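Trainee: Protein chains in written order, with UniProt numbering: chain C, 1 to 238; chain B, 1 to 238; chain Y, 1 to 238; chain D, 1 to 238; chain L, 1 to 238; chain H, 1 to 238.
Just so you know, the hints here were simulated from the structure itself, not pulled from any lab data.
A hint or two may mislead.
For lysine-lysine, the following DSS-like pairs were computed, each having C-alpha atoms within a straight-line distance of at most 25 Å [as the list claims (entries may be wrong)]:
#, chain 1, residue 1, chain 2, residue 2
1, C, LYS54, C, LYS149
2, B, LYS82, H, LYS82
3, D, LYS82, B, LYS82
4, D, LYS54, D, LYS149
5, L, LYS106, B, LYS82
6, H, LYS82, L, LYS82
7, Y, LYS82, B, LYS82
8, Y, LYS82, C, LYS82
9, B, LYS82, C, LYS82
10, Y, LYS82, H, LYS82
11, Y, LYS54, Y, LYS82
12, D, LYS149, D, LYS82
13, L, LYS106, L, LYS54
14, D, LYS82, L, LYS82
15, D, LYS82, Y, LYS82
16, D, LYS156, D, LYS82
17, Y, LYS54, Y, LYS156
18, C, LYS106, C, LYS156
19, B, LYS156, B, LYS54
20, L, LYS82, Y, LYS82
21, B, LYS149, B, LYS54
22, C, LYS156, C, LYS82
23, C, LYS82, L, LYS106
24, Y, LYS149, Y, LYS54
25, H, LYS156, H, LYS54
26, B, LYS106, B, LYS149
27, D, LYS82, H, LYS54
28, H, LYS82, C, LYS82
29, C, LYS82, D, LYS82
For the chain B half of the interface with chain C, some residues (derived, Cβ under 10 Å), not all of them [as the list claims (entries may be wrong)]:
#, residue
30, ARG18
31, CYS22
32, GLU25
33, LYS36
34, THR40
35, LEU66
36, ALA78
37, GLY81
38, LYS82
39, ASP117
40, GLU168
This structure is a prediction, so every number in the text was calculated from the model and none was measured.
C-beta atoms are modelled at their ideal positions from N, C-alpha and C, and glycine is treated no differently.
6 protein chains.
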Amino acid sequence: MRPSNRRPDELRPVRITRHYTCHAEGSVLVEFGNTKVICTATVEESVPPFLRGKGQGWVTAEYGMLPRSTHSRMRREAASGKQGGRTLEIQRLIGRSLRAVVDLQKLGERQIVIDCDVIQADGGTRTASITGAFVALTDAINGLIAAGKLTESPIKEAVAAISVGVFEGTPVLDLDYPEDSACETDMNVVMAESGHFIEIQGTAEGVPFSRAEMNALLDLAEKGIRELLALQQQALAG
Amino acid sequence: MRPSNRRPDELRPVRITRHYTCHAEGSVLVEFGNTKVICTATVEESVPPFLRGKGQGWVTAEYGMLPRSTHSRMRREAASGKQGGRTLEIQRLIGRSLRAVVDLQKLGERQIVIDCDVIQADGGTRTASITGAFVALTDAINGLIAAGKLTESPIKEAVAAISVGVFEGTPVLDLDYPEDSACETDMNVVMAESGHFIEIQGTAEGVPFSRAEMNALLDLAEKGIRELLALQQQALAG
Amino acid sequence: MRPSNRRPDELRPVRITRHYTCHAEGSVLVEFGNTKVICTATVEESVPPFLRGKGQGWVTAEYGMLPRSTHSRMRREAASGKQGGRTLEIQRLIGRSLRAVVDLQKLGERQIVIDCDVIQADGGTRTASITGAFVALTDAINGLIAAGKLTESPIKEAVAAISVGVFEGTPVLDLDYPEDSACETDMNVVMAESGHFIEIQGTAEGVPFSRAEMNALLDLAEKGIRELLALQQQALAG
Amino acid sequence: MRPSNRRPDELRPVRITRHYTCHAEGSVLVEFGNTKVICTATVEESVPPFLRGKGQGWVTAEYGMLPRSTHSRMRREAASGKQGGRTLEIQRLIGRSLRAVVDLQKLGERQIVIDCDVIQADGGTRTASITGAFVALTDAINGLIAAGKLTESPIKEAVAAISVGVFEGTPVLDLDYPEDSACETDMNVVMAESGHFIEIQGTAEGVPFSRAEMNALLDLAEKGIRELLALQQQALAG
Amino acid sequence: MRPSNRRPDELRPVRITRHYTCHAEGSVLVEFGNTKVICTATVEESVPPFLRGKGQGWVTAEYGMLPRSTHSRMRREAASGKQGGRTLEIQRLIGRSLRAVVDLQKLGERQIVIDCDVIQADGGTRTASITGAFVALTDAINGLIAAGKLTESPIKEAVAAISVGVFEGTPVLDLDYPEDSACETDMNVVMAESGHFIEIQGTAEGVPFSRAEMNALLDLAEKGIRELLALQQQALAG
Amino acid sequence: MRPSNRRPDELRPVRITRHYTCHAEGSVLVEFGNTKVICTATVEESVPPFLRGKGQGWVTAEYGMLPRSTHSRMRREAASGKQGGRTLEIQRLIGRSLRAVVDLQKLGERQIVIDCDVIQADGGTRTASITGAFVALTDAINGLIAAGKLTESPIKEAVAAISVGVFEGTPVLDLDYPEDSACETDMNVVMAESGHFIEIQGTAEGVPFSRAEMNALLDLAEKGIRELLALQQQALAG
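Okay, chain C solo, but in the shape it has when bound (with noise of 0.2 Å):
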């Protein structure tokens, strides 16, 4: 049984909220559960040295916690003076995710920049992340179109994220905090709309994993996945 009395296939309560602050490009509050990450997706007419003058464009991703966005409180990264290590891999996972998905020759010579910012954390913050941030890139490059910038989109299809694990023996979709902290192996899928894998990570916390078991994981990432995916088109339509 599970913590939250979700059955082993069951997400969490996902919600998507658009232009949830005012001033960013594209700008979603995205809710998984108790877990909430603001993600903006800011444009900016200019590329990283390494890519003046190549013809094409650039998507990267930033992130971090609110320092009590967590059970109990995190020592502020700002104030630390250094991003840390799972920090600095997490945002490199987002912007991964989101650049396999944009055309970045027909993005042009622009950046887009993503942050995810956790303000209440509860398990899965980076696949809540990344699912949020590719509605406020969506919402972005939208913008871009409607600019006059940008003739068509170059984004080439949806992506979304979802985190699994064996709990207590049982695969399971979703983990929330309590699940996380207590499976034996976590599992982090990033899967486009065509069915396709773009990252897979997983870890065994405390016993490794048989190939079955990988194959069940990746089951529920896929039906979780298809969930997510078609909430992103809910809230895009909306």
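Model the placement of chains B, Y, D, L and H on the given structure of chain C, informed by the hints.
Mentor: Just chains B, Y, D, L and H now, kept in the frame of chain C:
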């Protein structure tokens, strides 16, 4: 005429939402018009090294802005590796303002850390932070009383803060960003329930200001803070 | 009774020594009693990136304390790897105070950097810094005029600063360290020759202060700054 | 055809040299073709603060590259003042992979620090590091047993790692740099002797990958890791 | 001919002013011509971690330059976030030079921190620092004896330092900045009262130097240091 | 008697292995007994900002130690966020030593970066670094000549370095770690093929040293460096 069509002595719509996030001992979303700040209060059962064994507590604050809380994206301080001068200045001001209304002996050897994180900025983030932080602090202290860890409240009186300034020759209350960036003189006033001042910080952005102007600004500030103190009480009673 | 036996409205002996070191375009040793600060002004024929090509100049300041300028040794900021919040706050104040009396258009595309380094501290280092820095700035600008690089002075009026506070119930002028560390209310006032204010920063260290106390402190500050402005003129005439 | 003329399921020549440097408790040079990594294991008779007094040990890892281990010189991380995101990601992976095969209770209150330093890079540095680090860790633990500090080995089973990827449409084993920089999908697999997985990290560099491709890659990885586990045993027996 | 018209074996005018600032246990302004350094000695009743409980003391040094002590302004090290290599090199040299003449056992478990801060630079700042620091150290130690904390002086003998160099083919004593920046060979010599050397650091800036040149430079240095040792004694007797 | 049973004037076995790693323009493993350093030379077709457009080149060096190159593990400088004073001092010494034998005009507007990374330490790492770095530099420059980018070698003469010291009263050549940590006086000597000195750094670790001791040490150093220069030539001829 003010860009927002407000009267010179009119606050923006102020909203104070308690229990905004779920983990912190006090958690408040404070809104002064489009300025939105999450203020959390964390209780730690230890004090900083300089106070160990002295039988008194401490209240301190940290402040941050989400990178895209502003019109154009600011660099993330965690990524740049240090907090800027403005950030440090504001978080020192918030900490001093709250300590001025708390009896640190009565608090006992524990620390309350206030985090003020701006999710949307439109001027007045530091005064909104102080005003919201007082409510979060009160909730955290009431929690300590409810838990039997304190028998009486160490809070001596309420505190709130507002900005005032001379905009196009007229003293006005609660500057929003268009006013703040154009005004000649800018003053942040922190006042306690008793009507006495805790901090007054007046700066001539352009033309130095006279004693008479200063007095007019203080009159406006007193009026505004009285209204904020009433709104805090309403929120705490709610 | 003040620890120094001064009358409530009495400044400490103030000395302003020009040409204190030999390399800088302006170099002043300013002494407020035992507080001693070296203020140098450096002329740089370039402006910071955010001003390039805008046809105006800039004045900025940096502040530091020798590790053993104080009663007990402070950690060297260069060794700890960052400037503390108090340092940043003070140097921002010095910079704003000087910019308020300089016509940056008339200065042309050049920058004047003021360095205020405290070699001995006994309270009031920031106000001594501003008072001395104005003299160093004036010498640097007069050098530009003498060299034919400027035809008229961009200095609009003189500026000086003093601290005032309520010590054992009495408003006093120019706090020394024993007063500063014991006083209830502490105010730093920066005023221009015109008698108008550039900055007022009042802080209740212990008990919040009333409007009446504030007015008494401002009266004292005006008297003290008038005397400092006269001493600056004497030094510049010397 | 692979640039190295290897068959799709062929590892590069692998060499594991024990006792490579003289001071560390375990010291291994591991070579996967032209990729060369020095892996040392250091035994420290203390644990990090978060584990003190809990009666268990810890295994952690650090990773670095010599500036000119690569085709063009990389900036020295010690000079730039921080470890990059890739470095942190890799050293976290190495640490997790080794902890997964060590019984930390049996290790007792001591820490083993693994340092993996790449002296020459040609793809696969993280998987070579894990493979070599396991041998260095085993030597260090055998030293503890020989010294009578441990009575039984806390090592539960062996671990090794390999990269696999889709290169020009074909799944291949043990990517070298020319393959790694051109491949569509890249997967790092960490597997224990039991045939169960510890980490799977698959990334679509270009085109998202299907479930079938993933399965082909995992088959290759299993084959390669079996060979590596045998080579580790040979080296430890030697 | 030397730019200063000095004879090859002539020191610049040297002045040693004790009790230069009021808080430190030893405080000296040392002047070698236009080079001016404030040297303070701080007594701390604790030792660094690596010496705790070993029954011996420590002497260490820090060095800094005011940003405008030099011809053109140098970046403030506190602002750039780290001490440069030259700074670290010099402060390590000062520390070693003083420790060489102090019996650290006799000093007891306390530390003396020497701060050398250059307020005006014209060559030879490190040798002036050592020469002045010895006087500040002696004052601090005499204070400990006067306070009954030490019964005998741990100072074994005096130490002073001077620079020598080959300038336009001629060995000269006590290089000033114009000589230092143009000379072929530069040597800093630290010598104790006994006539034995504590440090010799010779560097060929341009052309490598012969054994004969080196001997001529050491002869000059011995002569100069003899004079400095006498000036130290005069100052301490004063 | 020396711990290694060497005669006082006997070097440790010295080995110089060229082409040690495959990517760098020059790559040498230098061994002085158990001290092993990888020295690479990287050619960059640009110069640092302070030299741009001056028609001359630059040679610079960086130095590092693997964390477990030493008896007990040292903290990784990349992890601690800065290079220590000893590291900076050594890399400055290596850079100066090499620049002294290179005609920077002839090198043209390009930079050669030398990286010296200690993989095993047993005393004398800086002198081994200089000795090995010269060979790597020569290989890199010969590569430029072979590629037609230089028509004649900018190398003026060879350079090598050795440490000497007074160990238990006897001057000895090429200190290993047991000697280095126990010796009274320690001197590092950098000498060119011409027999002239480039750097002499003598330090009294315990008792100050006399002129006679210094001369004995220099005699030893000259003998040792002559042997090293011959070994460099052999290696380059090999």
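Trainee: All the hints need checking, so say for each whether the structure fits it.
Mentor: Hints, one by one, checked against the model:
no.: 1; hint: LYS54(C) - LYS149(C); verdict: holds, 18 Å
no.: 2; hint: LYS82(B) - LYS82(H); verdict: holds, 16 Å
no.: 3; hint: LYS82(D) - LYS82(B); verdict: holds, 13 Å
no.: 4; hint: LYS54(D) - LYS149(D); verdict: holds, 18 Å
no.: 5; hint: LYS106(L) - LYS82(B); verdict: violated, 43 Å
no.: 6; hint: LYS82(H) - LYS82(L); verdict: holds, 8 Å
no.: 7; hint: LYS82(Y) - LYS82(B); verdict: holds, 8 Å
no.: 8; hint: LYS82(Y) - LYS82(C); verdict: holds, 13 Å
no.: 9; hint: LYS82(B) - LYS82(C); verdict: holds, 8 Å
no.: 10; hint: LYS82(Y) - LYS82(H); verdict: holds, 13 Å
no.: 11; hint: LYS54(Y) - LYS82(Y); verdict: violated, 31 Å
no.: 12; hint: LYS149(D) - LYS82(D); verdict: violated, 36 Å
no.: 13; hint: LYS106(L) - LYS54(L); verdict: holds, 12 Å
no.: 14; hint: LYS82(D) - LYS82(L); verdict: holds, 13 Å
no.: 15; hint: LYS82(D) - LYS82(Y); verdict: holds, 16 Å
no.: 16; hint: LYS156(D) - LYS82(D); verdict: violated, 34 Å
no.: 17; hint: LYS54(Y) - LYS156(Y); verdict: holds, 20 Å
no.: 18; hint: LYS106(C) - LYS156(C); verdict: holds, 10 Å
no.: 19; hint: LYS156(B) - LYS54(B); verdict: holds, 20 Å
no.: 20; hint: LYS82(L) - LYS82(Y); verdict: holds, 8 Å
no.: 21; hint: LYS149(B) - LYS54(B); verdict: holds, 18 Å
no.: 22; hint: LYS156(C) - LYS82(C); verdict: violated, 34 Å
no.: 23; hint: LYS82(C) - LYS106(L); verdict: violated, 43 Å
no.: 24; hint: LYS149(Y) - LYS54(Y); verdict: holds, 18 Å
no.: 25; hint: LYS156(H) - LYS54(H); verdict: holds, 20 Å
no.: 26; hint: LYS106(B) - LYS149(B); verdict: holds, 11 Å
no.: 27; hint: LYS82(D) - LYS54(H); verdict: violated, 32 Å
no.: 28; hint: LYS82(H) - LYS82(C); verdict: holds, 13 Å
no.: 29; hint: LYS82(C) - LYS82(D); verdict: holds, 8 Å
no.: 30; hint: ARG18; verdict: violated, 15 Å
no.: 31; hint: CYS22; verdict: holds, 6 Å
no.: 32; hint: GLU25; verdict: holds, 9 Å
no.: 33; hint: LYS36; verdict: holds, 8 Å
no.: 34; hint: THR40; verdict: holds, 4 Å
no.: 35; hint: LEU66; verdict: holds, 5 Å
no.: 36; hint: ALA78; verdict: holds, 4 Å
no.: 37; hint: GLY81; verdict: holds, 5 Å
no.: 38; hint: LYS82; verdict: holds, 6 Å
no.: 39; hint: ASP117; verdict: holds, 5 Å
no.: 40; hint: GLU168; verdict: violated, 25 Å
Hints 5, 11, 12, 16, 22, 23, 27, 30, 40 from the earlier list are contradicted by this structure; the remaining hints agree with it.
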